[in-house]
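Colleague: Sequence:
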Amino acid sequence: MWCYSYYRLKKKIKRLLFSRRFGTFIENNTKKAVEEVIYSQRFRDYFIQLVREADVSPFKEIALQYLHEEIVVSTVAGPLQGTVAEVGDDYLRLTESATSSILLPFTSIITIQKV
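So for the sequence shown, the working numbering puts the first residue at 1035; every next one is plus one.
Mixed in with the good hints, there may be bad ones.
Stated by the list, open to error - Using 35 angstroms as the maximum straight-line C-alpha spacing, the simulated DSBU-like pairs for lysine-lysine come out as follows:
| no. | residue 1 | residue 2 |
| --- | --- | --- |
| 1 | K1045 | K1066 |
| 2 | K1066 | K1048 |
| 3 | K1045 | K1065 |
| 4 | K1046 | K1066 |
| 5 | K1046 | K1065 |
| 6 | K1044 | K1065 |
| 7 | K1044 | K1066 |
| 8 | K1065 | K1048 |
| 9 | K1094 | K1046 |
Said to hold, decoys possible - Using C-beta positions, here's what the derived DEER-type ranges look like:
| no. | residue 1 | residue 2 | range |
| --- | --- | --- | --- |
| 10 | E1104 | S1053 | 51 to 57 angstroms |
| 11 | S1074 | I1136 | 42 to 48 angstroms |
| 12 | G1122 | V1149 | 17 to 23 angstroms |
Quick caveat, the hints were computed from the structure, so don't treat them as lab data.
These numbers come from a predicted model, not from an experiment.
Even for Gly, the Cβ is constructed at its ideal location relative to N, Cα and C.
Construct the complete structure from the given sequences, taking the supplied hints into account.
Modeller: See below:
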């Protein structure tokens, strides 16, 4: 009798764990927990501290390697292509054409790649 009850309970637990309803429950609660952490004041303070402690952007060193060369820069607004004309402490100047250049703060750059 005990063995039969054990197997019935095991089947019910298995059905519950692999049900769509339980999956949705886990997904929603995980999302909620992650949002609570990311949007918390503690996480915000920690992230701001990390940014303030970073003296020099790693993009400065990369941009200096490509000075006067053609590159593609992925930014938060989309990709840009041009020649690195100048590298400052927190920006690079990209010449897109003879009449167009743009200053890009390193904080808006995602990647820098040589063409």
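Colleague: Does the structure break any of the earlier hints, and which numbers would those be?
Modeller: Violated hints (numbers, rising): 9 and 11; every other hint is consistent with the structure.
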